[in-house]
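Q: Below are the chains, spelled out letter by letter.
2 protein chains.
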Amino acid sequence: MFDTRRATEADAELIAEQRLKMFVEMGHPDDKGMQLMQRNFLPWVRERLADGRYVGWLVADGDRTVAGGGMWLMDFPPHWRDPQALRAYLLNFYVAPEARGQGLAYGLLKAALVEARGRNIRVVSLHASRSGQPLYERNGFEASNEMMLYLNGEAMR
Amino acid sequence: MFDTRRATEADAELIAEQRLKMFVEMGHPDDKGMQLMQRNFLPWVRERLADGRYVGWLVADGDRTVAGGGMWLMDFPPHWRDPQALRAYLLNFYVAPEARGQGLAYGLLKAALVEARGRNIRVVSLHASRSGQPLYERNGFEASNEMMLYLNGEAMR
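Those protein sequences? They're chains A and B, same order as listed.
The number in this note's numbering is simply the position in the first sequence, starting from 1, with 535 added.
The number in this note's numbering is simply the position in the second sequence, starting from 1, with 535 added.
I should point out that these hints are in silico values taken from the structure, not numbers from a laboratory.
These numbers were taken from a predicted model, which means no experiment stands behind them.
Fair warning: there could be bad hints in the mix.
[Stated by the list, open to error] Here are some, though not all, of the chain A residues that point toward chain B, as calculated from beta-carbon distances under 8 angstroms:
| id | residue |
| --- | --- |
| 1 | M536 |
| 2 | T539 |
| 3 | M569 |
| 4 | N575 |
| 5 | A620 |
| 6 | L621 |
| 7 | A651 |
| 8 | G675 |
Cβ coordinates follow ideal geometry from the N, Cα and C atoms, glycine included.
Kindly generate the complete structure, drawing on both the sequences and the hints.
A: Quick look at the structure:
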C-alpha cells in the first residue's frame, strides 16, 4: 500500500535527495557540478515550498519514501497560449528502483495535472528523460520547439 | 546604417508591439488570446525592464525601429548544468520585413550571448520559430528534451 502526501517545507532535504538520485540513476556523474547543484537546490526548494511556488508530492511505502514529484509555478512571459504570467513546470519526478512498474509516476503526474487545472494553468512543461518520455507522451505532452545553448567559455563570443 | 541601442523602461510599448508582430507574421491569428497577451505582456516587460530582469536591444534605421530582441533573466531550479538559479531566455527576436536578410537577427543574438557570458550564465534557452531555427542552429543551439502539455479543459483530469 502506497500513501501519497503533499510535501511541506520540512521535506526540502528529501526532495533534494530525490533530485540527486534522479540524475545519478539517469547516468549523470555525481561530480562537482552535481554537488554544487545539491547545495544550491536545497535553499531554492525550501523557499518555494514555504511560499507555495513549489508544490510537491511524496509517496511512502510504510515508513520508506519511495517516490516523489514536484510542480514549480514559474513566472513566464504572457503568451497567446496563456496570457497569464504563470506556467507549471514539472520536475523531480522520481521512483525508487524497487517501486517501479506500479504506476507511481503516473499517479504523481495525475496529481500534478489536477493541481495545475485547479489553478487554471494552461501550459505545463518539463524536460523529459528518455525513460520518462513515454509516460508524458501517453498523457498528451508533445515535444516543444525549445532550443538550448550551453555556454562554457569556449563557444561564440 | 543601423544603430543598436539598449532598451529602457520607456520602450515597453515598442517591445510589446514587436512581440505582437512577431507572432502575427509567424501566422498566429490576432485574436482574443493575442490581445490578452498584449494587455498582460506590457506591464510584465515594463516591470522587468525597470528592475533589470529583462534586457532588450532595439535596432533603428534612421528614426524607424526595425528590429529588436530580448533576454529575460529567469529563475530556474539549480541544475548540474548550472548550479546558479538563473538562466537566460531569449524572446521577442523580431526583424521588420523590409529589414530582413541583412544580419540584424544575428547581431541581436550576438549581443545577447555576449551579455549572457558577461553575467556568467551557462544555459541560454528559447523557443524557435521555423524561420528562426537555422540561425540558432548555426550558433550552437540544439533542440532540447522539453515537452509541453496544453490544458484546455478537455484533456486528462
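Q: Evaluate each hint against the coordinates.
A: Here's how the hints hold up against the structure:
1. M536: At 24 angstroms from the nearest chain B Cβ, M536(A) fails the 8 angstroms test, so the hint is violated.
2. T539: Violated: closest Cβ of chain B sits about 17 angstroms from T539(A), beyond 8 angstroms.
3. M569: This interface hint holds because 5 angstroms falls under the 8 angstroms limit.
4. N575: Hint holds; N575(A) Cβ to chain B Cβ min 4 angstroms, cut 8 angstroms.
5. A620: holds, 5 angstroms
6. L621: Violated: closest Cβ of chain B sits about 10 angstroms from L621(A), beyond 8 angstroms.
7. A651: holds, 6 angstroms
8. G675: holds, 5 angstroms
When each numbered hint is compared with the structure, violations occur for hints 1, 2, 6.
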